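Q: Sequence:
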Amino acid sequence: MTEQLRSRLARRSDLFWPLATVATVLVLFAIPLFWTHRYYFYGDTQIGAFPQWYHLGTELRAGHWPVLSPDNWRAGNYTAEGQWGTWNPLIMLVGLGASFAGNAMYFCVIVKALMFVTVATGGYVLARSYGTPRRAAYLVGIALPLGGETQYLDSPTWVTGLLVWSLLPWAWWAIRRTMLHRRNPLPALAISYLIVTVGYVYGTMYLALVIVACLVDAWVQRDRAAVLRVFLIGVCAGLLTVTVYLPGILSASVTTRADTGLYYDAKLPVDLRDLVVSVLPTGIVPARLTQKSFFPIHYTAWFLPLLMWIDVARMRTFVKSLTGVFVMLGLSILYAIGPSVVGPLRYPARTLPYIVLGAVLLTVVLVSRASARPTRARLAASLGWVVVAAYLSISRAKSETPEVASSLVLVLIGILVVWLLTRRDPAARFPSVPTVAFMAVWSILLLGVTHHFDPLPNSTNRNMPSAVSAYKQQLAGAQGGAMLVGDPQEYALTHPGAAKDFLVGSSWYVSGYPIQNTYTVIGFSAYNDRYCMIFNGGTCAKLLDTLFTVEPTTGMPRVDLLRVSTLLIRKADFKKDKAAIANPPAGWHVEKDNAAALMWVRDKPLPTAGDVAWTSDGTRVELISRDDRSVRFKVLAAPSSGGKVVFSRLAWPGYSTSAGTFADPVDRYLLTLDVPAGSAGRTVEVSYSPPAWGVAVGAWALSVLLSLVLTGLALWDRRRRRSAEPATSAR
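Mapping of the sequence shown onto full-length UniProt numbering: position 693 corresponds to residue 693, and the numbering continues sequentially without gaps.
These are calculated hints, taken from the structure and not from any lab test.
Keep in mind that this is a model prediction, so the values were computed, not measured.
Worth double-checking, as some hints may not be accurate.
List of simulated lysine-lysine pairs, BS3-like, C-alpha gap at most 25 angstroms [what the hints assert, rightly or not]:
hint : residue 1 : residue 2
1    : 500       : 398
2    : 592       : 578
3    : 578       : 634
Label pairs and their computed distance ranges (CB to CB) [said to hold, decoys possible]:
hint : residue 1 : residue 2 : range
4    : 701       : 620       : 35 to 45 angstroms
5    : 405       : 314       : 33 to 43 angstroms
6    : 555       : 607       : 15 to 25 angstroms
7    : 708       : 405       : 38 to 48 angstroms
8    : 637       : 90        : 21 to 31 angstroms
9    : 338       : 540       : 27 to 37 angstroms
10   : 30        : 532       : 38 to 48 angstroms
11   : 62        : 490       : 34 to 44 angstroms
12   : 398       : 93        : 44 to 54 angstroms
Glycine residues also receive a C-beta, built at the ideal position from the N, C-alpha and C atoms.
Start from the sequences, fold in the hints, and give me the full structure.
A: In structure tokens form, the structure reads like this:
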């Protein structure tokens, strides 16, 4: 064989396994769609992610960088929310794409398929960085998206979690590349930037954990220069956390996310039994014996029992290089089995994809580099693990026996076949090509069996439309700012056609109308309490009465202070009190009336939220201008004792004024300004910037500047080393 032919075959091999990874993971991605065609358009993807992408893209196309929206009230503080991606070019690109999309479901399928490809290829290159053969790296790549939490929570609903997790293997690889080989840190810095600025705290936490793991690796290798390189990458990422999270932290006192406790609430928990059972694709250990709904979210990988085949003597020769993986996996498990609520953080199962990453990577690296020819005793140990897992699962969830038994049989067969293939050619390095082919096919089969038993995600289908055009009809005829009275959540869950009358959560953004009932994870506590509004925008029927009550300080109806000109009423919430919606109040008329919905619209619509709503006796102002973040007005008159101005804005921390001082919010949530005596003739500007905005922007600028400096120094160092090479060889 000529050298040229060898080189050509090597190049083909270099390409074959990454391409095979992409092709296989796309097949795996498609499997759930055979059972549920809307599988990747469920839960928070329907009412949170896509509508927010759409709104972000629409705002960017209009030339706006969204920071604050008075019209959306408790859901309109995008910087405090943190997960809008306002600092993230990747999410901005997705948002722009969403704003052009004609079909929300198809768009989400494409975006999520790309995320599956991203995590699979990231897993591949990360495994290669640990010295695994390409065949073994392929197994890592295709196994990562098969974790139970990814299959049943992140991929159908919690897409923000899926995004940051899909980027993490690439970040880990890029940091190791800089750490071990003095390569340019730009890829590590760029990917870390994307992860942090998504604003999903678990992604940031695990990026920090990966950086710690790499620091430990460099320290163990006694490479101080490598420690410094990794540390500086961590500094750049750490500065970005100030930018993304500080405004939210400093706004927390007025939100629903002010909790600082630690406790256990049995919601999506993780314990050691779950980790034992995680080798079964349909294995389940419910948190409570009374639990009726089961999903195999703790599944990790069916081939974990191959760890029993490791030759400890062989492992000793390279295990030091895996210190960081052990650190990452160990700390991930410790956090997962700890308190289920840590301040605003909840649902420990959200950490499972990171445990899958660590466990799959560690298993494949160890087995591919340190496995002995498996004896019958080692086979028995592997099979014993699977049997124990099945026992633990069935003993806690007897109703799931058929599913668990199916997994038990298939995993036992899978391990037995791998054992036979491995023993057939003891000289071959694990895994051989036939072994890899079998494990890939078996993984596809197991995923199919899993979705046969559990075809629906561990989430809710609120039946939001796929076609973007179908989001425009619910508020047809509305004028000015709108508000929904009632909670259409249950109606949307049980009536596929409910969306022709009502949307849920942030889906209202796609309608294009300013409405107060959009989705938020933070809210504004006083506002929520006054108007009985929950996270997804649903309200109680009592809201209708509350809106037309008089606020005592201003003497104005609350519906006027909120600048509401359209009320969309869910009739089913008034079954016991039909008289309450029989006739609209004076100054309002019925715009729409059908079996499910009733719409009242003002005869003379008010301006939308954000302007001056009321002034105290003796105080007169003239509005000069207003936008989302500021109001300018001229004081025409102010009494000797001073006056008061109330705005149709929430009193978020971060407002400043050119004159006067802010008073306690009227009704506990309305921004209120005390105007001093003698202010007549003055122009006053009230403006909003997120708390510590100068610090946040400065941290961003410093992070970007430091990243550019590190990139430039790396380029200079590379050129210096290259120019030194000829001189060295000449000697």
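Q: Decide, hint by hint, whether the structure agrees.
A: Hint check:
Between the alpha carbons of residue 500 and residue 398 the distance comes to roughly 41 angstroms, so the proposed pair goes past 25 angstroms and is violated. For a cut-off of 25 angstroms, the pair hint linking residue 592 to residue 578 stands: about 16 angstroms separates their Cα positions. Of the supplied pair hints, the one linking residue 578 and residue 634 is violated, its CA atoms being roughly 46 angstroms apart against a limit of 25 angstroms. Range check, residue 701 to residue 620: about 42 angstroms between beta-carbon atoms, so the 35 to 45 angstroms window is met.
Here the CB-CB span from residue 405 to residue 314 is close to 36 angstroms, well matched to the stated 33 to 43 angstroms. Range check, residue 555 to residue 607: Cβ separation about 20 angstroms, and the 15 to 25 angstroms hint holds. At about 58 angstroms, the CB distance of residue 708 to residue 405 disagrees with the hint of 38 to 48 angstroms. Our hint of 21 to 31 angstroms for residue 637 and residue 90 is violated, since their Cβ atoms are close to 52 angstroms apart.
Hint check: residue 338 to residue 540, Cβ distance near 36 angstroms, so the stated range 27 to 37 angstroms holds. Distance hint check for residue 30 and residue 532: the Cβ-Cβ separation is about 43 angstroms, which falls inside the suggested range of 38 to 48 angstroms. Distance hint for residue 62 and residue 490: a CB-CB separation of about 35 angstroms, consistent with the stated range 34 to 44 angstroms. Separated by about 49 angstroms at the C-beta atoms, residue 398 and residue 93 satisfy the suggested range of 44 to 54 angstroms.
Hint compliance for this structure: hints 1, 3, 7 and 8 are not met, and every other hint is.
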